[in-house]
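Chains A and B, in that order, give the protein sequences.
Counting with numbering that gives the first Met the number 0, you get residues 0 to 68 for the letters of the first sequence.
Counting with numbering that gives the first Met the number 0, you get residues 0 to 591 for the letters of the second sequence.
If you're looking for bench data, these hints aren't it; they were derived computationally from the structure.
Among these hints, one or two may not hold up.
Below are the DSS-like pairs computed for lysine-lysine, each with C-alpha atoms no more than 27 Å apart in a straight line [claimed, not checked]:
1. Lys468(B) x Lys397(B)
2. Lys469(B) x Lys523(B)
3. Lys468(B) x Lys565(B)
4. Lys5(A) x Lys137(B)
5. Lys3(A) x Lys523(B)
6. Lys469(B) x Lys3(A)
7. Lys469(B) x Lys397(B)
8. Lys469(B) x Lys62(A)
9. Lys565(B) x Lys1(A)
10. Lys468(B) x Lys523(B)
11. Lys565(B) x Lys469(B)
12. Lys523(B) x Lys319(B)
13. Lys468(B) x Lys54(A)
14. Lys1(A) x Lys89(B)
15. Lys89(B) x Lys397(B)
16. Lys319(B) x Lys63(A)
17. Lys62(A) x Lys137(B)
18. Lys6(A) x Lys468(B)
19. Lys397(B) x Lys3(A)
20. Lys6(A) x Lys137(B)
21. Lys328(B) x Lys523(B)
22. Lys6(A) x Lys523(B)
23. Lys63(A) x Lys328(B)
24. Lys397(B) x Lys54(A)
25. Lys5(A) x Lys63(A)
26. Lys137(B) x Lys328(B)
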Amino acid sequence: MKDKLKKLFIVFAILSIPAGFLAGDNHGVFWWHHMPLMDAIVGGVGAVFLLLIIKFVASFTSKKEDFYD
Amino acid sequence: MIEPVPPAFLLILGALLIPLFRGRTRPFYLLLISLLVLINLSLLEAGTGWVIHFLGYDLIFARVDRLSLAVGYIFAVIGFLAILYSLQAKNTGEQVAAFLYVGSSLGVVFSGDFLTLFVFWEIMAFTSVFLIWYRREKESLDAGFRYLFMHIFGGCCLLTGIILHVTSTGSLALGPLENGWSSFFILIGFGFNTAFLPLHTWLPDAYPLGTITGSVFLSVFTTKTGVYALARCFSGNEFVAFMGGAMAVYGIVFALLQNDIRKLISYHIISQVGYMIAGIGVGTDLGVNGGIAHLINNLLYKTLLFMCTGSVIYMTGRSKLTELGGLAKQMPVTCITCLVACLSISGAPGFNGFVSKAMVISSVSESHQPMLDLFLRLASVGTFLSFAKLSYFTFFEKNERIQANESPWNMQCAMIMAAFLCVLIGVFPSTLFHILPYASTNYHAYTPSHIVGVFQLFFVAGLVFMLAKKAFSPHRWIILDFDYFYRMAFRGIAWLCRGPLNDFRLRTQAAFSRAISVLVCLSKDPFALPEILPKYSQMGRREASSSLEAICNKKELKYDENLYRKPMGLGVLLAILFLFLYGLIYFLSSYH
């Protein structure tokens with residue numbers, strides 16, 4: 000069940016990319032708004048970027064649960 | 000015809016009568032009052048009412064316009080749902096505090112002047128803290144005091160700003176503010192409630208430590224009254240807009256690091272409030288409408304999230320992601336409503352967050368703020384990731400050690416109603432547009448590019464989450480925030496008070512005590528001055544053989560105090576008699 004869901008998810012992720020080309024662009028103000036793959040890039044790069052940030056922040060802010068006690 | 004009254008009064012008076020109702024009548028009474036507030040709100044008409052003249056100023060308790068009505072409606076609806084959710088809480092004090100808190104929040108929304116706003120603002124702070132303290136645990140008590148301290152400080156800033164504003168303009172009227180010291184202090188005061196960075200630490204500190212039902216109330220009103228006040232006074236302020244962008248990203252970074260489910264959601268309040276004030280800071284019609292629309296939608300799904308997490312904690316007794324898991328089958332209603340809330344907050348098509356988040360981001364783009372646009376998009380990614388984490392590790396991760404049943408009927412009812420409203424607004428956004436402050440704005444969220452864009456973002460970010468699930472998995476640690484610096488600073492102040500300042504106090508006290516002893520000694524025997532003086536001079540101190548006490552207590556007094564006391568007393572008595580007689584004669588002569 001879990002594997003099927005994973006595969007379905009990957010298929011949808013792949014399908015969403017050509018769908019961006021078909022959808023066109025409305026209300027574009029900045030140049031990146033006109034890129035059909037912009038949201039996919041934001042999703043992927045943003046997630047990796049956030050992962051790196053949280054690892055960096057956790058490296059000096061994470062303490063034991065009784066730190067303030 | 001019955002005239003509507005300010006909604007705050009209904010709840011505040013209703014709160015005072017709660018102890019009179021016991022047993023089964025109390026839930027009916029609580030629901031009746033919250034329904035009356037909704038009916039009363041629907042009867043309010045635009046304009047100002049309930050004006051009281053006080054010290055030459057007009058105090059306005061019911062300023063009704065589209066902005067106050069929009070926020071008032073959602074406060075009343077959420078107040079009703081939160082009361083329904085909390086019916087199983089039998090603590091009278093907690094119920095009274097909750098009613099006073101909701102009432103004072105509505106008081107802030109409908110106040111038409113700064114003084115009324117300030118009074119209700121402070122009632123909010125002092126009543127909401129009981130929703131934390133009623134958990135009756137040491138950590139809640141401590142967090143409550145920190146919460147109260149921060150809000151009192153914020154209230155002082157607000158009062159300072161109001162006094163400066165009144166002295167410079169002569170007006171108490173609540174409205175847009177010009178730049179200056181008064182607006183600076185008022186902005187700081189509002190910023191405390193809105194959880195501006197770095198004044199936000201009270202929020203993730205206190206909200207997770209409230210009672211199960213108390214946290215549902217807390218998540219609704221304090222920050223949102225701050226957003227409302229910003230919309231009223233600081234709409235179009237660029238600093239507010241950028242603060243919103245920073246809060247949106249900061250909130251999700253810290254939310255992703257949390258292990259406690261209510262702490263995770265608390266950080267999301269900061270992030271979501273960031274969206275709201277970014278729209279308000281942009282200040283265009285679309286921006287303010289987007290900010291208020293997001294406030295309304297956020298109240299629905301954030302309350303729902305606190306209800307769902309409260310339901311999980313209530314039924315399992317656990318609040319850490321590392322201890323939870325596998326609850327999807329055991330608590331299906333909680334699981335489904337929580338998924339609705341997660342999709343709503345992430346901005347999925349068909350859910351209310353999709354509409355308002357798009358309005359805010361569009362307003363930012365249209366006002367040509369590229370950095371802010373990217374910040375808010377990045378925050379969207381983080382929101383999706385952290386709710387993927389919350390729902391996966393609470394409901395779907397395998398955990399065979401946990402056994403739980405579904406929560407009580409009233410909790411389920413409240414969760415289902417909130418989830419229904421999230422979907423209703425998502426599917427029919429026009430229901431939301433009708434009540435927004437600017438009626439002219441007509442926004443179309445459901446464009447093909449927007450829908451596909453959101454799906455692209457979700458699927459690709461979701462793919463990253465699946466591939467790097469271990470990296471996102473929760474850990475048994477706490478994450479230090481800015482409160483670390485506040486705690487260290489206050490520890491320093493405590494050390495300064497206990498050490499050097501206390502030492503200085505003791506020395507000063509000893510010096511004063513000695514000086515008073517000398518004066519007492521001299522008042523008894525002025526002739527002892529030659530003996531006392533050398534004791535206090537550098538040379539004489541060494542030579543003086545007898546102590547001050549010995550000098551004062553020696554048996555053979557050279558000075559007889561009664562020798563002078565009696566004639567002095569007699570003289571004073573004669574003077575009083577003389578004055579009395581003079582007054583009597585003067586009075587009698589003037590009377591005739």
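Cross-check of the supplied hints:
1. Restraint check for lysine 468(B) and lysine 397(B): satisfied, since their Cα atoms lie roughly 14 Å apart, inside the 27 Å limit.
2. Taking the CA atoms of lysine 469(B) and lysine 523(B), the gap is near 84 Å; set against the 27 Å cutoff, the hint is violated.
3. Distance hint between lysine 468(B) and lysine 565(B) is unfulfilled; the C-alpha atoms sit about 95 Å from each other, more than 27 Å.
4. The hinted pair formed by lysine 5(A) and lysine 137(B) fails the criterion: a straight-line CA distance of about 44 Å is larger than 27 Å.
5. Distance check on the hinted pair: lysine 3(A) and lysine 523(B) sit about 100 Å apart at the alpha-carbon level, beyond 27 Å; violated.
6. Under the criterion of a C-alpha separation no larger than 27 Å, the hint pairing lysine 469(B) with lysine 3(A) is consistent with the structure, at around 20 Å.
7. Between lysine 469(B) and lysine 397(B) the CA atoms are separated by roughly 14 Å; this keeps the pair inside 27 Å, and the hint holds.
8. A C-alpha spacing of about 19 Å is found between lysine 469(B) and lysine 62(A), which places the hinted pair at or below 27 Å, so the restraint holds.
9. For the suggested pair lysine 565(B) and lysine 1(A), the alpha carbons sit about 104 Å apart, so the restraint of at most 27 Å is broken.
10. With a C-alpha separation of about 86 Å, the suggested pairing of lysine 468(B) with lysine 523(B) is violated against the 27 Å cut-off.
11. As the CA atoms of lysine 565(B) and lysine 469(B) are separated by approximately 93 Å, the hinted pair breaks the 27 Å bound.
12. About 72 Å separates the Cα atoms of lysine 523(B) and lysine 319(B), which puts this hinted pair outside 27 Å; it is violated.
13. At roughly 13 Å between alpha-carbon atoms, lysine 468(B) and lysine 54(A) fall within 27 Å of each other, so this suggested pair holds.
14. Between lysine 1(A) and lysine 89(B) the CA atoms are separated by roughly 42 Å; this puts the pair beyond 27 Å, and the hint is violated.
15. Pair hint lysine 89(B) plus lysine 397(B) does not hold up; C-alpha atoms about 34 Å apart against a cutoff of 27 Å.
16. Of the supplied pair hints, the one linking lysine 319(B) and lysine 63(A) holds, its CA atoms being roughly 14 Å apart against a limit of 27 Å.
17. Distance check on the hinted pair: lysine 62(A) and lysine 137(B) sit about 20 Å apart at the alpha-carbon level, within 27 Å; holds.
18. For the hint pairing lysine 6(A) with lysine 468(B), the CA-to-CA distance comes to about 16 Å; that is within 27 Å, so the pair holds.
19. Of the supplied pair hints, the one linking lysine 397(B) and lysine 3(A) holds, its CA atoms being roughly 17 Å apart against a limit of 27 Å.
20. Proposed proximity of lysine 6(A) and lysine 137(B) is contradicted: the alpha carbons are some 48 Å apart, above 27 Å.
21. Straight-line distance between C-alpha atoms of lysine 328(B) and lysine 523(B) comes to about 89 Å, which puts the hinted pair past the 27 Å bound.
22. Annotation: proposed proximity of lysine 6(A) to lysine 523(B) is violated, straight-line Cα distance about 100 Å (limit 27 Å).
23. Among the hinted pairs, lysine 63(A) with lysine 328(B) is inconsistent with the structure: their alpha-carbon atoms are about 33 Å apart, more than 27 Å.
24. With a C-alpha separation of about 25 Å, the suggested pair lysine 397(B) and lysine 54(A) falls inside the 27 Å cut-off, and the hint holds.
25. Between lysine 5(A) and lysine 63(A) the alpha-carbon distance is near 34 Å, which puts this suggested pair outside the 27 Å criterion.
26. With a C-alpha separation of about 34 Å, the suggested pairing of lysine 137(B) with lysine 328(B) is violated against the 27 Å cut-off.
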